[in-house]
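A.B. asks: Each chain is listed here by its residues.
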Amino acid sequence: MRALLVCAAAALLFVPGAHGGDLGAQLYGAGCITCHGPEGRGIADRGPSLRGAGARAADFYLRTGYMPLASPHTQPDRSRVLFSQRELAALVAYVASLAPGPRIPTPHPARGNLAEGQEQFTEHCAGCHQIVAEGGYVTNAVAPPLKHAGPVEIAEAVRTGPYLMPRFSAQQITDAQLDSIIRYVIYAKHPDDRGGWALGHLGPVPEGLVTWFVGIVLLVATCLVIGRRLHP
Amino acid sequence: MRRWLIALVVLVLGRLRRRPELDSGGRIVPPGGPDRRAESLVLLLFAGATLCGAAVPVVYAWDAIPDQTQFLGLAFGLAFAFSSAACIVIGKRLVVTEELEEDYGLSHPDDREALEQLVEESGDRFTRKRLLFLAGAGAGSALGAALLTPAASLGPVFDVSSLYRTPWHRGVRLVDETGRALRAGDIEEATFYTAYPEHADREQMGAPVVVVRLKPEQLRLPDDRRGWAPAGILAYSKICTHAGCAIALYRKPTFAPVEPRPALVCPCHYSTFDVANGGGVLFGPAGRPLPQLPLAIDASGGLRAAGNFSGPVGPSWWGVRNHGARS
Numbered sequence: 196m197r198a199l200l201v202c203a204a205a206a207l208l209f210v211p212g213a214h215g216g217d218l219g220a221q222l223y224g225a226g227c228i229t230c231h232g233p234e235g236r237g238i239a240d241r242g243p244s245l246r247g248a249g250a251r252a253a254d255f256y257l258r259t260g261y262m263p264l265a266s267p268h269t270q271p272d273r274s275r276v277l278f279s280q281r282e283l284a285a286l287v288a289y290v291a292s293l294a295p296g297p298r299i300p301t302p303h304p305a306r307g308n309l310a311e312g313q314e315q316f317t318e319h320c321a322g323c324h325q326i327v328a329e330g331g332y333v334t335n336a337v338a339p340p341l342k343h344a345g346p347v348e349i350a351e352a353v354r355t356g357p358y359l360m361p362r363f364s365a366q367q368i369t370d371a372q373l374d375s376i377i378r379y380v381i382y383a384k385h386p387d388d389r390g391g392w393a394l395g396h397l398g399p400v401p402e403g404l405v406t407w408f409v410g411i412v413l414l415v416a417t418c419l420v421i422g423r424r425l426h427p
Numbered sequence: 065m066r067r068w069l070i071a072l073v074v075l076v077l078g079r080l081r082r083r084p085e086l087d088s089g090g091r092i093v094p095p096g097g098p099d100r101r102a103e104s105l106v107l108l109l110f111a112g113a114t115l116c117g118a119a120v121p122v123v124y125a126w127d128a129i130p131d132q133t134q135f136l137g138l139a140f141g142l143a144f145a146f147s148s149a150a151c152i153v154i155g156k157r158l159v160v161t162e163e164l165e166e167d168y169g170l171s172h173p174d175d176r177e178a179l180e181q182l183v184e185e186s187g188d189r190f191t192r193k194r195l196l197f198l199a200g201a202g203a204g205s206a207l208g209a210a211l212l213t214p215a216a217s218l219g220p221v222f223d224v225s226s227l228y229r230t231p232w233h234r235g236v237r238l239v240d241e242t243g244r245a246l247r248a249g250d251i252e253e254a255t256f257y258t259a260y261p262e263h264a265d266r267e268q269m270g271a272p273v274v275v276v277r278l279k280p281e282q283l284r285l286p287d288d289r290r291g292w293a294p295a296g297i298l299a300y301s302k303i304c305t306h307a308g309c310a311i312a313l314y315r316k317p318t319f320a321p322v323e324p325r326p327a328l329v330c331p332c333h334y335s336t337f338d339v340a341n342g343g344g345v346l347f348g349p350a351g352r353p354l355p356q357l358p359l360a361i362d363a364s365g366g367l368r369a370a371g372n373f374s375g376p377v378g379p380s381w382w383g384v385r386n387h388g389a390r391s
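Note that the protein sequences, when read in sequence, are chains A and B.
Last residue of the first sequence: 427 in our numbering, with the numbers rising by one and none dropped.
Last residue of the second sequence: 391 in our numbering, with the numbers rising by one and none dropped.
The hints are simulated quantities; they were obtained by calculation from the structure and are not laboratory data.
Errors might be hidden in some of the hints.
As the list claims (entries may be wrong) - Part of the chain B face toward chain A, derived, beta carbon under 7 Å:
(1) Ser186
(2) Lys316
(3) Tyr334
What the hints assert, rightly or not - Away from chain B, derived, C-beta distances all over 10 Å, residues of chain A:
(4) Gly232
(5) Asp272
(6) Arg273
(7) Arg275
(8) Glu282
(9) Arg306
(10) His385
(11) Ala393
We treat Cβ as the ideally placed atom computed from N, Cα and C, and that holds for glycine.
Just chain A, same shape as in the assembly:
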């Protein structure tokens, strides 16, 4: 997966004059240019244009490890980020400098309302990510679990719509509602498991099923014991 990047990084060491100049542009040239083309113009059938994507999308895709991607035909997924913080910032700044685009959002989950967040999450997100944010499926793709998503990443994803996810404008989800959604997602990472045994937070049905299987064994065992006593 990272072979491309490693090769590119190795090549970078031998590029004369690579140590000076614009770090963002160099990293772009090493890791991104094969698919997104020179100056983020995009290459047909390989990668989309990044002009106008802005810092918001760049920050999301890089900070989650979605990019760089080994093959453009696979779904990007969360993986280890090989860039340092400084390199990340430089690369994001470079992509943002290509053309005017949206900035990195600054959500305030503390201002959000948990109950409203659950309501909004149910309405807009739970169809794919499941009500407990454990992730799910759409046809041909995986809706990732949100266990590792931080507040900024959630806000970026909602506004950007990465991969097959729809994006939601401020008209559909206001900034205040977004704060609530983020608060709910953070809460859902460690929900209040009243049953004690969460079983993947999938809700009362699997828990009930397990209870049922345990219960039926106990009942059958009790019946057997009673039967033995009556007919020794």
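For chain A, the structure is supplied; the task is to place chain B on it using the hints.
C.D. replies: For chain B alone, coordinates are given in the frame of chain A:
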């Protein structure tokens, strides 16, 4: 099971070959006296079963009744309870029983004779045979009618126009959840909206639609739907044609050349409908396309329906047909 089959064969044989009166001396089953009280009880129970069974179609047809399904269940349950109680009373009080030590034997003619005699004699105690038979048949047919009643829900069979009845017709405005009119300029690409007909009951199956926008050059609508998607804005019924779930997933590619094409997906069983070509099924158990609502943009930029859906809205069953009248 085998014993039951044998008993059935013997019963049928006994019925077919009615023998002359038995001399009372050669009885196998001890004679039991008539029990008129038990018979009356059986008659009463059969009457109860008949009444309850007959109540099922009545409750089913009477839509105005509150808690209709509860009453349906009650009628069904009581009908079964009454008929089983009747059977129990018959078995315990009216049929004379004789325990046999050995297995039923069908091979020896003598055994067979004895068995037939046994069955014949067991019915000796009934004094009002015909009445009891009629009561049983009545209860049976009422129960049968009750069991067949729900089949009416599989319809409509002949007149399917009700399946096309929706609150949408030419000129109806699209509004969002808050009742605000949707404007073509507000509809963005890469996201989806739920809309309802203005001034109509939103609980109706035909009311909710999903609105999405594609680039006009992405559209591959059939020829007879030319002009149904002004400015690339499309509307589809929000109710999945498989089992009637609300379509809550929109899959939109960020980079179309290498990613799956835009589709509406039902979260229940992942039926996937192609938004570009008129709602065709790409994947999943749905058997027919998602009904499309033709759109028009009015002079002030608002979205309006340009007619009714392309097909019947809602889940499919054998009564639903794609062709037929469009109102």
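A.B. asks: Confirm or reject each hint.
C.D. replies: Each hint tested on the structure:
1. Ser186: Violated. Min distance 32 Å.
2. Lys316: 5 Å, holds
3. Tyr334: 5 Å, holds
4. Gly232: Fine: 12 Å to the nearest Cβ keeps Gly232 (chain A) off the interface.
5. Asp272: The claim holds: Asp272 (chain A) sits with its nearest Cβ about 14 Å from chain B, beyond 10 Å.
6. Arg273: 16 Å, holds
7. Arg275: 22 Å, holds
8. Glu282: Given that every Cβ of chain B is farther than 10 Å from that of Glu282 (chain A), nearest at about 24 Å, it holds.
9. Arg306: 23 Å, holds
10. His385: Non-interface label stands for His385 (chain A): nearest chain B Cβ at 25 Å, farther than 10 Å.
11. Ala393: 22 Å, holds
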